[in-house]
Amino acid sequence: MIRVEGVGKSFAQRDGVVYTALEDISFEVGRGEFVSILGPSGCGKSTLLNLVAGLERTDRGRVVAGGKEISAPGPDRIVVFQDHALFPWLTVLENVAFGLKQKGMKKKERRERAMEQIRTVHLSKFADRYPHELSGGMKQRVAIARALVMDPEILLMDEPFAALDEQTRLLLHKELEQIWMHTRKTILFITHNIREAVMLSDRVLVMSTRPGRIKKEYRVQAARPREPDDSVLRHIESRIMESLAAELEKVAKEEYGSDYGLENRALSHPAAAHLGDGI
Amino acid sequence: MDWGWRFPSALQTVRAFYDGIANGQLLEATFSSLRRILIAFAVSCAIGTTLGVLFARHRTLDETIGFAVVALQTVPSIAWLPFAIIWFGLNDFAVIFITTIGATWTMTIACRSGIKNIPPIYLKSAQMFGTRRGPSTFFQVMLPAAIPQLITGMRMAWAFAWRALVSGELIARGIGLGQMLEEGRSLGDTSLMLCIVLVIAILGTISDHLVFKRIEDRVWMQYGLKAAKT
Ligand SMILES: Nc1ncnc2c1ncn2[C@@H]1O[C@H](COP(=O)(O)OP(=O)(O)OP(=O)(O)O)[C@@H](O)[C@H]1O
Ligand SMILES: [Mg+2]
Numbered sequence: 001m002i003r004v005e006g007v008g009k010s011f012a013q014r015d016g017v018v019y020t021a022l023e024d025i026s027f028e029v030g031r032g033e034f035v036s037i038l039g040p041s042g043c044g045k046s047t048l049l050n051l052v053a054g055l056e057r058t059d060r061g062r063v064v065a066g067g068k069e070i071s072a073p074g075p076d077r078i079v080v081f082q083d084h085a086l087f088p089w090l091t092v093l094e095n096v097a098f099g100l101k102q103k104g105m106k107k108k109e110r111r112e113r114a115m116e117q118i119r120t121v122h123l124s125k126f127a128d129r130y131p132h133e134l135s136g137g138m139k140q141r142v143a144i145a146r147a148l149v150m151d152p153e154i155l156l157m158d159e160p161f162a163a164l165d166e167q168t169r170l171l172l173h174k175e176l177e178q179i180w181m182h183t184r185k186t187i188l189f190i191t192h193n194i195r196e197a198v199m200l201s202d203r204v205l206v207m208s209t210r211p212g213r214i215k216k217e218y219r220v221q222a223a224r225p226r227e228p229d230d231s232v233l234r235h236i237e238s239r240i241m242e243s244l245a246a247e248l249e250k251v252a253k254e255e256y257g258s259d260y261g262l263e264n265r266a267l268s269h270p271a272a273a274h275l276g277d278g279i
Numbered sequence: 280m281d282w283g284w285r286f287p288s289a290l291q292t293v294r295a296f297y298d299g300i301a302n303g304q305l306l307e308a309t310f311s312s313l314r315r316i317l318i319a320f321a322v323s324c325a326i327g328t329t330l331g332v333l334f335a336r337h338r339t340l341d342e343t344i345g346f347a348v349v350a351l352q353t354v355p356s357i358a359w360l361p362f363a364i365i366w367f368g369l370n371d372f373a374v375i376f377i378t379t380i381g382a383t384w385t386m387t388i389a390c391r392s393g394i395k396n397i398p399p400i401y402l403k404s405a406q407m408f409g410t411r412r413g414p415s416t417f418f419q420v421m422l423p424a425a426i427p428q429l430i431t432g433m434r435m436a437w438a439f440a441w442r443a444l445v446s447g448e449l450i451a452r453g454i455g456l457g458q459m460l461e462e463g464r465s466l467g468d469t470s471l472m473l474c475i476v477l478v479i480a481i482l483g484t485i486s487d488h489l490v491f492k493r494i495e496d497r498v499w500m501q502y503g504l505k506a507a508k509t
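For the protein sequence lines, the chains are A and B, in the order given. Positions 1 to 279 (the working numbering) are the ones given, in order, by the first sequence. Positions 280 to 509 (the working numbering) are the ones given, in order, by the second sequence.
What the hints contain is simulated information worked out from the structure, not anything from laboratory work. Built from N, CA and C at the ideal position, the CB exists for glycine as well.
In silico lysine-lysine, DSSO-like type, Cα no more than 30 Å apart, as pairs: (1) A/K108 x B/K403; (2) A/K185 x A/K68; (3) A/K68 x B/K403.
Using C-beta positions, here's what the derived DEER-type ranges look like: (4) A/P228 x B/L504: 37 to 43 Å; (5) A/D83 x B/S392: 19 to 25 Å; (6) B/R497 x A/E242: 50 to 56 Å; (7) A/K125 x B/V354: 50 to 56 Å; (8) B/R493 x A/R62: 51 to 57 Å.
All chains, please: the whole structure from these sequences, using the hints.
In structure tokens, the structure reads:
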């Protein structure tokens, strides 16, 4: 369904030096598969997602989705952005109906469809509110409804729950899993949270940083709906933590430079429970 | 020299106000001033928005005429009055003309920066949801996204228009607050003059605070922006 073939992306920095954000990335996401991309901050996850969305162009390699090489954003690949990107001048209902309007759908029909989708994210009572009147979690649910109502073949999610508190996030994980089990969309999900990646996905691709590469792949073969204390999940989680610890060390060294000595020991201890949150 | 009559007392000023209301002159002057400023304001919003959009969208226009507009904005609008008098005479039209000029450049610049500062993510989402380029994107995304800046621009434009209006009316013939102020001067009626000045101040404050600032605050809040002004 999505095929990323040897993709690379570089940015010209202000000092003229070219920074390679992504290098030789290749992977596939099958139809109806839920795949997460996991990596430390700044490793190029958003860049990769933007390439798949068509919001940016690749420098090397290509991205194929639905049999076509991607060159521009389109309604078959809808992104749920990290900061929701809802239109503040439209109500929840109008935001969700926006894409349908672009398709030329009649007002009555698009309102009905939008309402139906808003119901699936449990926001019927808030359909006439403006985004600024909603909590962060609600806005994110509207963004999901706005994406789903388009019935896209592919859903691209860029850390959609990163800014939320733990309880809300868990709730939305459940909702998203339900929605996915119902609709069987192809989902590419970006996160820096190991727990989240393991809980939701069929496969987790772990990225390394500077330049961004796919480092390892983990298949998560646990029963759905997933239970948080599933031993399979716990096991994979700790394996991913181990491999990420090395990556973290690299990032920390570059960011803290010579001040890094003290933290060194704590970070290289993969069993440390808090590691997952800090990435 | 007797300075007494040059500084009107509060009582005299209130009397002048009462007389002005009673004989209808003050109300008439206020209405014709308001009529002028509303016409000028509407015209300058229309021209300013159009120019602003053009400058924001076309680089070459922006770097040539756009630059000239920034220069024009620094010219006090009363400086155009001699031209207006030669072109149109000392009439209503001349006053409306310079009032329009006084507000147009500000509106143009506000609209230009409003369109230029639209968060790219709105345009990207619109494209992703299949919004066609051209008018479709302009009316559904760009214009609404620029509304906060447009409102702020209107508020400033109104303040500029108000200043230009009074200075124009002081010189032009006809009926209006500025003319009445000038009339007070020629009669040596300082209480009438002070009364007019107060009316101008009050009308300006009311229109700014009760109309523009309210709308501005509401819109900026809705858009999740923090207005860094008072
Ligand atoms: N437009 C740009 N110009 C220059 N450098 C950029 C640009 N966009 C991204 N980068 C760089 O590319 C790298 C990857 O950025 P990206 O936003 O993809 O990271 P990320 O993995 O999504 O991080 P986070 O988890 O913090 O969102 C960063 O080092 C960033 O500085
Ligand atoms: Mg990111």
